[in-house]
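Based on the sequences and whatever the hints tell you, model everything.
Residue strings, one per chain:
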Amino acid sequence: MVRVRLSALAAACTGLVGLALALIFFVAPTDADQGFSQRIFYFHVPIALTSYACFGWGAWKALRYLRTRDERADLESYVAIHQGVIFGALTLLTGSIWAKASWGVWWSWSENQLVLFLVLFLFYCAYFMLRFSVEPGPARANMSAVYALFGVVLIPVSFLAIRLSQKFIHPVVFTSHGPQMTGSQFFVFCVSFAALLTLFATLYQVELAGKRLDAHVRELRELLT
Amino acid sequence: MIASSSPPSEWQYVAAAYLVVFVFVLAWVALIAAKLGRLQKQLGELVEKARARG
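Protein chains in written order, with our numbering: chain A, 646 to 870; chain B, 117 to 170.
Hints may be right or wrong, so weigh each one.
What the hints assert, rightly or not - Across the chosen pairs, the derived CB separations fall in these ranges: (1) A:Gly660 with B:Lys157: 41 to 49 Å; (2) B:Ile148 with A:Asp678: 17 to 25 Å; (3) B:Trp144 with A:Asn787: 24 to 32 Å; (4) B:Ala149 with A:Asp678: 21 to 29 Å; (5) B:Trp127 with A:Pro783: 47 to 55 Å.
What the hints assert, rightly or not - Simulated pairs of lysine-lysine, BS3-like, Cα-Cα distance not exceeding 27 Å: (6) B:Lys157 with A:Lys745; (7) B:Lys157 with A:Lys856; (8) B:Lys151 with A:Lys856; (9) B:Lys165 with B:Lys151.
Calculated directly from the structure, the hints in this document are not laboratory data.
A virtual CB, placed ideally from N, CA and C, is assigned to each residue, including glycine.
Below, the structure written as structure tokens:
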């Protein structure tokens, strides 16, 4: 059952990513302001939103662990946050390339949204330093869960940062009046977002299966020695 | 004659961004696959050990 679900997820992911790429390069209209480089938006923003989703999922699993003390929830939280850090790194990399193409600089310290996302990313990088500085056990799981829950507070701050600043150059696409793009652009964005969420779901299941197998192998080795 | 270097064009930035994502994900999948291969090998050794015992 698990294998069928993972195969289906992987197939859906492959299909959606292929469809997203085809839509981005052959269907989406060229932006009047930013030109061809605006197409980075169709991956950069969904990757950022997926990283928020990963951290949110990790925090949810952390809360589940604190309520149930189920070790599986601790492992699921760790894997989700690990994925979130990888997607976060991708956000920073693609964002820097887009910044260079649009603004002529790789980074701007005066942009609140960029700096707050970097803070969020570094906060979750520190999660691993905390986790692996403690011996495996309930104490490590407790500290990791509390840390993951604290971090989730930074997500809405990071997301809303652009609305808090007076002057900004980072584009604001989603406003209170709705998405500031054409229907076809919004459709392509939604497909791209679905593709990246499916990618997260697939890699999450694969990494989780690997970690569980690792735990079983260790247990088996201890029993046999 | 001094060769002049022109800045990358827009499509090169777009290609770089998508290539970074592709390479990152490919490397990530390769690492997971390598780890699973190692675990499979360890599991095989443990099964042999268990069989040898009884």
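Outcome of the hint check:
1. A:Gly660 with B:Lys157: 41 to 49 Å: 32 Å, violated
2. B:Ile148 with A:Asp678: 17 to 25 Å: 40 Å, violated
3. B:Trp144 with A:Asn787: 24 to 32 Å: 29 Å, holds
4. B:Ala149 with A:Asp678: 21 to 29 Å: With Cβ atoms ~42 Å apart, the hint is violated.
5. B:Trp127 with A:Pro783: 47 to 55 Å: With Cβ atoms ~53 Å apart, the hint holds.
6. B:Lys157 with A:Lys745: Judged against 27 Å, a Cα distance of about 46 Å means the pair is violated.
7. B:Lys157 with A:Lys856: Roughly 15 Å between the alpha carbons, so the hint for Lys157 of chain B and Lys856 of chain A holds.
8. B:Lys151 with A:Lys856: Within the cut-off at roughly 10 Å; holds.
9. B:Lys165 with B:Lys151: 21 Å, holds
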